[in-house]
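Asker: From first to last, the protein sequence lines are chains A and B.
Counting in my numbering, the first sequence tops out at residue 1570, every number present.
Counting in my numbering, the second sequence tops out at residue 228, every number present.
Just so you know, these hints were derived from the structure itself, not from any lab.
Do not rely on the hints blindly, as some may be mistaken.
To be verified - Lysine-lysine pairs mimicking BS3-like chemistry, simulated, CA-CA at most 25 Å apart:
hint : chain 1 : residue 1 : chain 2 : residue 2
1    : B       : K225      : A       : K1448
2    : B       : K67       : A       : K1486
3    : A       : K1441     : B       : K173
As the list claims (entries may be wrong) - Rough simulated footprint, nothing fancy, chain B against chain A, three-plus residues with beta-carbon under 8 Å:
hint : segment
4    : 1434 to 1443
5    : 1449 to 1457
6    : 1475 to 1482
7    : 1504 to 1513
8    : 1553 to 1564
It should be emphasised that the depicted structure is a prediction, and the values quoted were computed from it without experimental measurement.
Ideal Cβ placement from N, Cα and C applies to all residues, glycine included.
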Amino acid sequence: MRQWNCLLLVACILMAASCQPDDKFTPLGKVWGYKPIYGSDADLFTIESKPAREVSKAGKIYVKDNYIFQNEIGEGIHIINNTNPANAQRVGFIKIKGSEEISIKGNFLYSNNFTDLVVADISNLANVTEVSRTKSAFFSGTSQLMPPVRGSYFECVDASKGSVISWVKDSINNPKCRN
Amino acid sequence: MRYILITGFLFIVAACSKDSVSNSNSIGGQNGVGGSLARFTLAGNYLYVVGDAVLKTFDVSNPAAPVLKNSITIGSNIETIYPYKNNLFIGSQTGMFIYSIANPEAPKLSGSALHVRSCDPVVANDTAAFVTLRRGTNCGTPTDGLYLYRITNLLAPALVKTVPLPTPYGLGLKDSTLFVCQGSNGLAVVKVNSVTNPTVLRTITGNDFRDVIPYNDLLICYVTDGIALYDISNISNIQFIKKVIN
C-alpha cells in the first residue's frame, strides 16, 4: 500500500495536473482511454503519400468521383480506385496520424491529425501535400494536460518526454489516471 | 414561445423554397459523400464538425484555408452529423438534434427528439428521419432497432414506428430504400415508402457491416475488414460485386 501511495505521488508530480487519487487501484486490465502525444515527435504531424497498405483497423468511408477513401483508424486514409467497381482496388495511402474523419471538397481533403484540422491537396494522389492546419481545432478539454473527454481513463503524463500536444484514443493497460 | 413559433414558421417557409445550401449528399459536384457515422460533413461552402459536445462551422469558400465561423455547445456525447437540404441531423447518445443551416454560418436548433441512452446515427429525407439505436458497452441499453420519425414539423419530430433489428450501426437511404448495417448480423434492406409501415425486404449476410453509402447504382459498404461493393440498380435483385480487403 505504501509503495502504491509513493507511485501515485510520483505520478501526480510528473503530471503536474490533477488525477483522482483512488486507493482502490484495482488493476483495470486493458480499457479504452487516452494516450498523450508529446511534441517532440514531428513525424506524427507529417502528412504524406505512402504506397497502398493492408487494411488493419478499417474505419469510416467517403466517396468522391471515381475514388473511395477509407480511414485506417489512427493511421491515415486508404485510396481505392473505383473507376470499375468490379476491379476496385487500393492504390495508395495518405499518412495522417490520429485520423478518423474524411471530407473532400474539389481537390482538398479535410481530416483530423489528432486534434488539428488539416487540409491536404489531393490533386495528385501520388503526392498528397498539407496546405493548411488549424491547431487544436477539435480540442474540447480545458487543458492539454488532460484528455478531451471527461470521465475517461488516460495514461498519466510523463513530463520527461516533453510537453503534451495532443491525445489519441487507444486501448491502454491498467491506467492510473482519470479525469 | 411566440418567437420560436415565428422563427420556426419562417424556417419552414425557407425550407420549402429553393434550397440556398446545396445538399452535400448529392452526387457529383465539388463535394464528396460521406457515411452516416461521420463527424465531418460539407454543405455548400461550409464544413461542419461535431466534437463530443460542440458543433463547429468552418467557412471553406477558399477550400485550402478553412476559417472558423461558429462554435456552439449542443449537448454531450455527440456522435454523428448528416446533412439534408437546409438541415443538419445530429446523432448523440441522448437523442437526435435538428439544426437549421438556413443561415449556414450560424446553425440554429430547430427540433430534437430525446431517447434513452444509446448509439444512434441518423439519415433523413423530406418527411422522415431514420435513426438506429444500439445497446453497447458505452451506449446504454435500449431495444436495438430502427426508429422512424415523421419530420414534416421539424420543430417536433414524432416517433411513428420502431422496427426491432439486431445490433444496428450505420445506415443509408436511396430513394425509398433504407440500408441498415447490423454488424455480423448482416445488412437489412428496408422499404420505407410509408413511414408507418416499413418492410424489411431481405437481409444480406456474409460481412460485418458498419456503414453504407448508396452512390448511384452502387452500394459502398464499410465492413470491418475493408470495403464491400454491391450493385443496387435493381433493389429486388441486389448483386455482390467485390470486396476490397487485405
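Asker: For each hint given before, does the structure comply? Return the numbers of the non-compliant ones in rising order.
Answerer: 2, 3, 4, 8
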